[in-house]
Amino acid sequence: MTSIFSRPSTWVPLLILLLLAAVPFVAQATGQQFYVAFFARIIIYAIAACALNIALGYGGMVSFGHSLFLGLGAYVVGLASFHEVGSGWAHLALCLGVCGFVALVTGAISLRTTGIAFIMITLAFAQMGYFLFVSLKNYGGDDGMSIAKNSRFGPVDLSSATSVYVAAFIVLVLSIWWLAKLRVAPFGMVIRGAKQNARRVNAAGIPVLRYQLLAYVMSGMLCGVAGLLLANLNAFASPSTLSWAVSGELIVIVVIGGLGSVFGPLLGAIVFLGLEEVLKTWTDHWMVIFGPLIVIVALLGKSGIVGLLQRFDPRRKPATQPAATTAPAAAAGTANTVKGAV
Amino acid sequence: MNGTIVFAQLLNGLQYGVLLFLLAAGLTLVFGIMSFVNLAHGSLYMMGAYFAASAFQFTGSFGLAVLAAMGGSLLLGLALEFIAVARLYRRDHLDHVLATFGLVLFFNELVRIVWGSQPVFLQVPEFLGGAIDIAGFTYPAYRFAIIVVGLLVAIGSWLLINKTRVGMLIRAGAVNPAMVAALGVNIRLLNAMLFAVGAMLAGLAGAMAGPILSVQSGMGESVLITTLVVIVIGGIGSVTGAFYAALIVGIVDTMGRVFLPFMLRQVTERSFADAAGPALASMLVYLLMAVVLAWRPQGLFPANR
Amino acid sequence: MVSVLRTDSLTKRYGALLVTDAVSLDIGEGELHAIIGPNGAGKTTLINQLSGELAPNSGSVWFDGADVSALTIHERAKRGLLRSYQITSIFEDFSVLENATFAALGSRQHAFRFWAPMLAGQEARRFAEEALEATGLTHRLSVAAGDLGYGERRQLELAMSLAAGPKFLLLDEPMAGMSVQESAAVIALLQRLKRQYTILLVEHDMDAVFALADRISVLVYGKILFTGTPDEIRNHPEVRAVYLGEEETGAEA
Amino acid sequence: MSAFLSVKSLQASYGHAQALFDISFEVGAGEVVTLLGRNGMGRSTTVKCLFGMLPVSSGSVSVGGERVDHLPSHRIARKGLALVPEGRQVFPNLTVEENLVATARDDKRSRGKAWDLDRVYVFFPRLKERRGNLGSQLSGGEQQMLAIGRALMTNPRLLVLDEATEGLAPVIRNEIWRALAELKQDGLSQIVIDKNVKALMGLADRHFVIEKGCVVWQGTSNDLRGQPEIVHQYLGV
Amino acid sequence: ATIGLMAPLSGPQAIVGQDQVDGFMLAVEQLGGKLGGQPATVLKEDDQLKPEIGGQITRKFIDKDKVDAIVGLSFSNVLMASLPRIVESGTVAIATNAGPSPLAGAGCKANVFSTAWQNDGAAEAMGKFAQDKGLKKVYLMAPNYQAGKDMLTGFKRYFKGQIIDEVYTQVNQPDYSAELAQLQSAKPDAVFVFYPGGMGVNFIKQMAQAGLMAKVPLYSVFTVDGTTLPGLRDAAVGSVSGAMWDAALDTPENKKFVADFERKFKRTPSEYAATAYDAANILNIALGKAKPGDSRALAAAVKAAGSEVKSVRGPFAFNNNNLPVQNYYAFETVKSGGSVVGKLVGTPLAKHSDVYRAQCALK
Ligand SMILES: Nc1ncnc2c1ncn2[C@@H]1O[C@H](COP(=O)(O)OP(=O)(O)OP(=O)(O)O)[C@@H](O)[C@H]1O
Ligand SMILES: Nc1ncnc2c1ncn2[C@@H]1O[C@H](COP(=O)(O)OP(=O)(O)OP(=O)(O)O)[C@@H](O)[C@H]1O
Ligand SMILES: [Mg+2]
Ligand SMILES: [Mg+2]
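Those protein sequences? They're chains A, B, C, D and E, same order as listed.
With our numbering applied, the first sequence corresponds to residues 1 to 342, in that order.
With our numbering applied, the second sequence corresponds to residues 1 to 305, in that order.
With our numbering applied, the third sequence corresponds to residues 1 to 253, in that order.
With our numbering applied, the fourth sequence corresponds to residues 1 to 237, in that order.
With our numbering applied, the fifth sequence corresponds to residues 1 to 363, in that order.
Errors might be hidden in some of the hints.
Unchecked claim - Taking lysine-lysine and the BS3-like style, the derived pairs with C-alpha atoms no more than 30 Å apart in a straight line are:
hint : chain 1 : residue 1 : chain 2 : residue 2
1    : D       : 113       : C       : 223
2    : E       : 64        : A       : 280
3    : A       : 280       : E       : 66
4    : E       : 264       : E       : 343
5    : E       : 266       : A       : 280
6    : E       : 34        : E       : 66
7    : A       : 137       : E       : 34
8    : E       : 64        : A       : 149
9    : A       : 137       : E       : 160
10   : C       : 194       : D       : 128
11   : D       : 128       : B       : 163
12   : E       : 343       : E       : 289
Honestly, the hints are just simulated from the structure, not real lab data.
None of the values given here were measured: they were computed from a predicted structure.
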């Protein structure tokens, strides 16, 4: 007990989750419904970032194309609604199926490459998806499509911001919980191992590609769920969700929070989207401030906010940074086949 | 569809390819050789175009404008290197993507503050203003100037990377800077110089593209992605690869744009062809990249090193 | 002696360079077979082909009576054919214990398990702890592998191979970078393990080779020059000329 | 004898973990010294500090009487130091020949015959055979030869060899010992770290035993021979 | 009164948003900081041209700020994404930049107005203009997205001659030499294009450099306007654009607007500034009549105000579908003194209504 509450890196995020749980009630009480929608969006992005964190943070697969899955998730709802399908279960099944399948195919191809090529090929797939939806004239093309039939799960209809909020919050909590378990579960260890040294994982008797592919598929599917929620929140699906900038934002969120950490995506989403909102109220030229802030985050390294909090943790070493030298590891010939991070 | 037009379009593809290479050249140095994923290359290119436009406005001389663009972006590159980039070489690509993504946002907005949101004006120099007639098609003379500059840059960077000790040291430094330093080489300085040269080439590309493209905030992104595609298809770290890949992408993109809708019309309904043709054409470059990488993950002409 | 690992004129070339030249080996159950040879003779390349990391141009590899030539590394690892790396290859972000447990787990079961922590796996953990004990790393269990000194990394590398519970161990210079004391410990360890596992040892440390090997093959320019007992090797004039040198006849230091 | 290199009460840490507590030793011009010790005692860490690859937290390093402990690596190296690092660290993406020439230097201050490509190739014919291969395509031992050759190509005045014979065939190893002796004749100062104490005793003038980040014993080869218990206690032989 | 003003204020299209903000604020300033006699608070938000952000801002305006009206609403994709919440709440919204066909037709809403245009209008005018000129063969080009397709459809609605080819290019395409070669070989009487923003600058510069401006007359919509002319200058000379407004329009209201705008912001306004300026003036009239807080009454008042306002574009009124009834002009880009300006060369469509209004159930 005491251990949890003496560690800021654990209790701060938990406290934030608790506060988020209170948002709908507070909003109800104060009549500020807007904040429900606002935080719902943050939570949905946090889910997407959790999803990316599986591939990127745990598996070291620098996907610059996760907007593809966010967009696919959204369009599943859009297309289903267009064709008069309102069942949330059908939406969910379609979403998982489509995102899983697309992730399987694109992942199988992308994972043939490593490093920069992996970044670029995932970007390419997302761009293809973007252009595909832009040219779907019947479904609104670049104007996007309004969603008349929100996902309906039995008695629960995701048509109000509050219902989306509740659903998203539950998904987020489950995701975080699962990610915490996954991190040190055998599967998590395998993909985290593959990030450091894929060759060694193979030599240990584990067919590393299968694990990476599955991680990529799971990541894509969870991201799709975020897309589904996003579509319900906005009652709208738009190709702009698939643009490369969204992929970039998701990466930024994951890294700001703390790459590969359990609570990182949540903290990252709050800080990133919150900051954007705050800066926008100061000046139209908010990007002049926002851009350099991102640069600073990159310079500070990947332990992100979680790493910052960990500094206040008692009896715990700061997250091991690639210290002064990783000399022997950088030794010649250790063809480091880490996806995305050669 | 006759032979002349196919030939004319081939020529268009080639010259688009050279334009792409011009954009890719600086990036190959930084991205390919130093292994630094520089999304801000597009921003440097944009800044080059703006520098050129401003200098042109003051002096009226295109030559001076190009010089100003190169000088300005060289200095800018040095400053960026000093402030941020130098600290990132030894980190992985993710940090590069992140930091330079931030820089892209910054520069796009900075440009709007300084030069406003409207596109600024940059003109083709008087002496290159004419058009040349080839096989019944007129070509702007300026395009030939771009080809010449592109080829010069290609040769120059190839020599720098493959034939000089500086090139070797930079390649070595990209992998193990501590060791290079321990052997008595000021790798930091060297990297800074190379980054600045890359920035200068970006600026040159911006100045050269300025007269034919809209000089405005965000002009870097659309070309940046195509440029990255070029480099990856060519094989990271290979100047020759980037050159061939630029030509291939230029031709595939051009031919696809022009002939794909046309061919689809022959085989399918017109309405479908009109919808699918351009969509397919815009995906073509990405499709090409996906196919190439799936087939040869290391790119078409990987640097043999 | 029952043959466990056999190669049939295994050949690998890089362009014009023949790195392994029709190598035929036969290693019996429980044997400790050493391969020595000049630098660049093709020892690591041979091991890579045995472990499945490299595909030979021609020839085949038989393990436990089956042709494994077409199997991948991880499939061979699952059958108990494991290797350690010449260039240290550990998971720097994981703790020492996690590294070993990982190795122990990988060779025994699949890791498509998404909930319970890896370290909670009793069986794998036990193997890992035993291997760490054997290599003398017990006092460093929770240290991140990236913080280990070079010698300790080598120890961990070896521990990982042991934890995997191999039938057959391919050891590529396990003593490289170890001080005399640690080498001696590893020699003692291998002495103990000798009959349990079949071991193929590549090593330039002649103390170790002569102390441990049942038989030694000498690889020169990709060809097996000679196979024999340590005594035969020690006194083989050609081996002395190309590899051992004049003084190198036994214990040094 | 005026010391070419002198290290005084050196301390250094990796992050929070202190690795060096009290390291002092000197290397005279033309002298060969060794750093002895078991694994993880701090020998390589000392070397990293010499080359400015790890910041020195206190103490000093001087070359030719001049403090260098806060200079960047390349400035230190330019004073005539060359490193054969632990774990080889050849440049994997450069060919053998490029590895050799990329950082080559002709230092007028160095004594003896200058090292150039030809001389290195005579010394390591194997490298000549493999001259067009990438560093990553070399065998372990070939990489080691390359690392030594690369250091020699900077024509140093002080050569630091950290486990330079690791992974080399015995014949080659003997060659190296012979060559180091020759270099010593030429007047090249050396710091050698190796596990082969016997060979070191033949080569070196003085030995420094490092235990847990401190120099705990120092003396000449004869002293060492005369005190086998030292060897036993600190090196475990 | 509290007005929420939403426009793209960052990114490449920021100029469009900036002009809207400036146009709107200029009118408010001229009205002494008041709308309908009440002190006006204008809340400005950047939608970044992202539909999702647009939706969020709309919610903020309605749920948090409780605005009386929302103005701007960016491009049609952002407008469409904002629509659900606007319709649900009944808040009055005036689009100053878009009039997508769904909103003009069956999807029209009593509380959603546009002071801009139905997307096809200007293109229809150019079609009519080409038809009136007696052109036989025309070549059409547009980027491959919704608006591009709408524009070409609009052109074809009034042009009855031969369409040699209809070419859809990639969005944000930098290089047009291949398309220009095709164009050249097709030998049309004229080419009609829709290339907003940077695309238009790219296209026209390259067309001019290839020496085609002299050979093939260029008709365009939303391509040569206040937002792009500074980057185009001489390159655009000779081209004809269809629009419902230009700085060159010779009415007293417009003269004052252009002069004041230029004085204040040191640049020439674009049609986006004009639509926002009109929107402010319409709101001023409407807010003077409707009780605050009653959005139904305000919507009715806005509709009525459409016919009363002295629009800078000449005749103006709201149609049954709440989109404008207005003139569409043809302007030729000419050199005048040192600068490049528009010159009125015709009014192909006077007091024009869009075709979709028949499908709209509103009166
Ligand atoms: N990818 C490659 N391309 C070309 N040549 C290679 C490649 N990999 C290895 N070689 C060459 O093959 C030869 C054998 O290398 P290998 O690593 O098997 O030697 P080794 O016997 O293990 O030597 P050492 O004892 O030094 O480790 C070497 O000469 C090496 O340069
Ligand atoms: N990069 C590093 N980060 C953290 N700690 C390190 C690092 N490198 C070495 N250490 C620690 O510093 C201590 C000294 O290591 P050093 O490499 O100097 O030992 P050494 O005497 O050279 O022995 P070896 O034979 O292992 O190379 C060891 O305890 C090791 O754990
Ligand atoms: Mg080897
Ligand atoms: Mg060491």
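Here is what the structure says about each hint:
no. : hint             : result
1   : D:113 with C:223 : violated, 38 Å
2   : E:64 with A:280  : holds, 16 Å
3   : A:280 with E:66  : holds, 19 Å
4   : E:264 with E:343 : holds, 24 Å
5   : E:266 with A:280 : holds, 25 Å
6   : E:34 with E:66   : holds, 18 Å
7   : A:137 with E:34  : violated, 43 Å
8   : E:64 with A:149  : holds, 26 Å
9   : A:137 with E:160 : holds, 25 Å
10  : C:194 with D:128 : violated, 39 Å
11  : D:128 with B:163 : holds, 20 Å
12  : E:343 with E:289 : violated, 38 Å
Going down the numbered hints, you'll see the structure goes against 1, 7, 10, 12, while the others check out.
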